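Asker: Here are the chains, one letter per residue:
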Amino acid sequence: FMLTQPHSLSESPGKTVTISCTRSSGSIASRHVQWYQQRPGSAPTTVIYEDEERPSGVSDRFSGSIDTSSNSASLTISGLKTEDEADYYCQSYDTNFWVFGGGTKLTVL
Amino acid sequence: QVQLQESGPGLVKPSETLSLTCTISGDSISSYYWAWIRQSPGKGLEWIGYMQNSWRPTYSPSLQSRVTMSLDTSKNEFSLKVLSVTASDTGVYYCARLRAWYAAVVWGQGTTVTVAS
Chain D
1 FMLTQPHSLS ESPGKTVTIS CTRSSGSIAS RHVQWYQQRP GSAPTTVIYE DEERPSGVSD
61 RFSGSIDTSS NSASLTISGL KTEDEADYYC QSYDTNFWVF GGGTKLTVL
Chain H
1 QVQLQESGPG LVKPSETLSL TCTISGDSIS SYYWAWIRQS PGKGLEWIGY MQNSWRPTYS
61 PSLQSRVTMS LDTSKNEFSL KVLSVTASDT GVYYCARLRA WYAAVVWGQG TTVTVAS
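So the protein sequences, as listed, match chains D and H.
Numbered per this note's numbering, the first sequence spans residues 1 to 109.
Numbered per this note's numbering, the second sequence spans residues 1 to 117.
Taking lysine-lysine pairs in the BS3-like style, the calculated list, with each CA pair at most 30 Å apart, reads:
#	chain 1	residue 1	chain 2	residue 2
1	D	Lys15	H	Lys43
2	H	Lys43	H	Lys13
3	H	Lys43	D	Lys81
Just so you know, these hints were derived from the structure itself, not from any lab.
The model shown is predicted, which means the values in this text are computed figures rather than measured ones.
Make the full structure from the sequences, and use the hints.
Answerer: Structure (structure tokens):
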């Protein structure tokens, strides 16, 4: 299966943005979805795991959800800050393999 | 607090073997699954494989003929070897600690590998 994300999104500081991740085959609910943030020049960090769980230290401005009707997962970032400008990758898996989405470049301006 | 530090040669010649090490501090390597993930220049993330101390490694189908992973519990190190490298193996290689076997939750800072003669 593949995970499809929008290539890029742009939003203003203080606003809310939602990044989608659509699974091409198989149910999105059948396997957990993770979201990783990668700021320019830095290693990725995990902002959401297991669909909606936030690691310790991640702001509650980040939230995750899944929608079985569209077979997609979403990462929502509220109260956007300039520091949220980054690439965001979704990731899921099936038996014995992982799949990453192609990444979404989020611009905050 | 767990920390992961990747290390490697930086430059590898085509057809040679790439060897990388991830040194884990602040946690026991035996307690978790660990993964290698790479990123080609300007590209997205690519999963290489994962393993846990008691289980056979699981590799990406696209790389499984050329990769080997191992854990050294005495040194708390996680290693990756990639055989017969080509320019397409150039990129940044990350190790990660997993939650179960399917989610990276702690990442290393990455190590850059260039394949060139």
